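Fit chain B to the known structure of chain A by using the hints.
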Amino acid sequence: MNHYIKNSLWLLVALLGAAALGGIALNRGESINALWLITAAICVYALAYRFYAAWIAAKVLMVDATRATPAELKNNGRDFVPTNKWVVFGHHFAAIAGPGPLVGPTLAAQFGYLPGTLWLLIGAVLGGCVQDMAILFFSTRRNAKSLGQMARDELGAIGGNAALIGTFVIMIILIAVLGLVVVNAMKHSPWATSTVAATIPIAMLVGLYMRNFRPGQVLEASALGVILLLLAVVGGGWIDHHASLRDFFDQEGLILAWGVMIYGFAAAILPVWLLLAPRDYLSTYMKIGTIVLLAVAIILLQPSIKMPAITPFIDGTGPIFGGKLFPFLFITIACGAISGFHALIASGTTPKLLANERDIRLIGYGAMLLESFVAVMAMVAATVLDPGVFFAINSSAGTVGKEAAQAVATISGWGFPVSTAQMDALAKDMGEATLFARTGGAPSLAVGMASIFGSAFGKGMLALWYHFAIMFEAIFILTTLDAGTRVGRFMLQDMLGNIWPKIGQTSWMPSVIFTSALVVAGWGYFLYIGVIDPNGGVAILWPLFGIANQMLAAIALSVATGILVKSGKLKQAWVTALPLMWLTIVTSSAAWEKITSSDIRVGFLAAANDMATKLAAGVLPPDKAAIAPQLIFNQQLDAGLTLFFVVTLWIVIFDMLRVCSRHLAGKAVPPITESPHVPSRLVENWVRD
Amino acid sequence: MLAKIKAFWRAIRQLSGADAYERYLLHQVKHHPDKTPLTKAEFFKQWQDEKWAGIKRCC
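If you read the sequences in order, they're chains A and B.
Okay, so the first sequence: first residue is 0 according to numbering that gives the first Met the number 0, each after it adds one.
Okay, so the second sequence: first residue is 0 according to numbering that gives the first Met the number 0, each after it adds one.
Simulated from the structure, these hints should not be mistaken for lab results.
It should be emphasised that the depicted structure is a prediction, and the values quoted were computed from it without experimental measurement.
Treat each hint with caution, since some may be false.
Below, a list of computed lysine-lysine pairs in the DSBU-like style, where the Cα atoms sit at most 35 angstroms apart [as the list claims (entries may be wrong)]:
| hint | chain 1 | residue 1 | chain 2 | residue 2 |
| --- | --- | --- | --- | --- |
| 1 | B | LYS50 | A | LYS501 |
| 2 | A | LYS73 | B | LYS50 |
| 3 | A | LYS73 | B | LYS39 |
| 4 | A | LYS5 | B | LYS5 |
Far from chain B by the CB rule (all over 10 angstroms, computed), these chain A residues [as the list claims (entries may be wrong)]:
| hint | residue |
| --- | --- |
| 5 | LEU369 |
| 6 | TRP507 |
| 7 | LEU604 |
| 8 | ALA624 |
| 9 | PHE632 |
| 10 | PRO670 |
Ideal Cβ placement from N, Cα and C applies to all residues, glycine included.
If we strip away everything but chain A, and leave its shape as in the complex, we get (with noise of 0.2 angstroms):
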């Protein structure tokens, strides 16, 4: 009988889903609601998780609980720990739920709610949660092993090195076009500058406070810390008023830019304690706490979406960033659907904490389910707003030009009406003097936001929503900065260290300055050119920041497909196959068009020609004509960074194809690097499902 029960409740879930799904997807009319959305997103994902990843886990991976995880074998108590597994969930989903999901979905809502929504949907299904659980079962019968050496070992010394490199100059790319977004919602904002200005001090005292004066009493210093992150966006608001201290905060983008390179650096050669671990810990209780707020919000509220299903944008015209709906909705959203960056997490730190291998399913791929919803979340965000206001926001200057009136005529000539009056009227409501071009997704999210907890939170405070809203992505983006560049210092040092050893040394201040120094100025090099460019350095950065980060996916792919095929699993390899078969296409054909389309909008070298020819012949105003050679560089530089990402994801691919190929063939391959089976001894003292 309870059986019956349970299969009936199912059939109920998978029927609301279908309606949900069949409604977002055949609704044609004025608009429809959000809960619509949410509804679909969490029957198709309680679908997945019962029955698809269920299977998955059982008859694929074939995991075993009566197997002892690393953390139960090498438990030392302090970073081999066998840990509860909600608190396990906790710790991944923290660490591997960042900006991408919220500014990625923003970006593609260009194209409409719905392609993006399914994708989310679909890719975070099919392919995110495959990859990132396969990848943990991996790493976690390999003694916790990283994504790296699981390359090396399984496939050879090329995808191993691929990976590598891979890590490196994705690591490169991100944090350049998140502190693009830092800077574009901070630049001329008092309010935004100095909230975000005051959360490195903030972060500072939070350090000491539990490092000297209550070590280790972490949570009573992250609460003091939350409380006055709340009193400076206050403050924030209190600056923007003053007469002088407003000017101090009221700063041009590249000045901005420079700050956050000095901030970079400093926060690579300063102790992790004094400021990256404070900050870490005051991000992550903003970004859970904000994120169950915007749900709880969502869900009271039950806003109407108000932008078009499909606009006429997917047919690559689009003003956020030029490129039809195949393949550039898949590379934008990475992030919520699928990105190659959690398989760097799902290996190496989470098997740690991990106590048995049954935790693996709520793990890698339930984690990532609760990150795609964060990105269908950001989607429901972008899109409750007018279209016209939303691209008002999105579209850079020089797409849609300089002067508000000209900006207002061309949208509205799009099909998206908006109005001069309507824009300056939502920026005063903001706070804010302009919201023209605010370019990056992280304003117009704010927006979003702001308009979703005024409506149900009370409308007197939208200008401390929307900085609240900054704030908070603004100290995560700073984190994924802080963390990024100092992980970036460590490979390179590890990498030089094998040309000059003296280099390698962790711990020698030359080498911690010069390597430092060399990867902020990675990344600085292409956040000044994003600053510069007028035509807005997102619309650039992020199909690079995408296709980088779905060559990673490939990459932990191809080796979890490898593994499967190795095991004698050649009939359920499909499972990774098939989104690395997708990703493989989505990615070579996005690289294709970047590199050689005659669109000067999506192609890169296409754009080094348009520009050269008008400055060969003296069309191009003085301001343009003196950066048109650091642009002519930077868009071939981009094509030859596009190049690189492809070919180094065709390697792999080709690598992982020869050794299964030979496997098939009874010929010698890499042996399977599994380590042996050793009973669990652990006593279980908390509920399983």
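Same frame as chain A, but now just chain B:
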């Protein structure tokens, strides 16, 4: 109800690492009773430095 609140608080403490030292002491008592454990300040320093080596945050 009280038990649930207590369990929730325990989870929060564990998630944040507030109980890391207590767990370390338990581990030392159980597995290395012959060694003198680190003081809380010493332990916290090592724990924090270890926690931040390598890639710990994603995009």
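Each hint, compared with the structure:
1. The hinted pair formed by LYS50/B and LYS501/A meets the criterion: a straight-line CA distance of about 25 angstroms does not exceed 35 angstroms.
2. A C-alpha spacing of about 16 angstroms is found between LYS73/A and LYS50/B, which places the hinted pair at or below 35 angstroms, so the restraint holds.
3. For the given pair, LYS73/A sits about 22 angstroms from LYS39/B by alpha-carbon distance, which is consistent with the 35 angstroms threshold.
4. For the hint pairing LYS5/A with LYS5/B, the CA-to-CA distance comes to about 31 angstroms; that is within 35 angstroms, so the pair holds.
5. With a cut of 10 angstroms on Cβ distances, LEU369/A stays outside the contact zone with chain B, its closest approach being about 13 angstroms.
6. TRP507/A, annotated as away from the interface, keeps every beta carbon of chain B farther than 10 angstroms; the closest lies near 16 angstroms.
7. With 10 angstroms as the threshold on Cβ separation, the claim that LEU604/A sits away from chain B holds: the shortest Cβ distance comes to roughly 27 angstroms.
8. Every C-beta of chain B lies more than 10 angstroms from that of ALA624/A, the closest at about 36 angstroms, which supports listing it as non-interface.
9. Residue placement check: PHE632/A keeps its beta carbon more than 10 angstroms from all beta carbons of chain B (closest about 27 angstroms).
10. At roughly 26 angstroms from the closest C-beta of chain B, the C-beta of PRO670/A stays outside 10 angstroms, upholding its exclusion from the interface.
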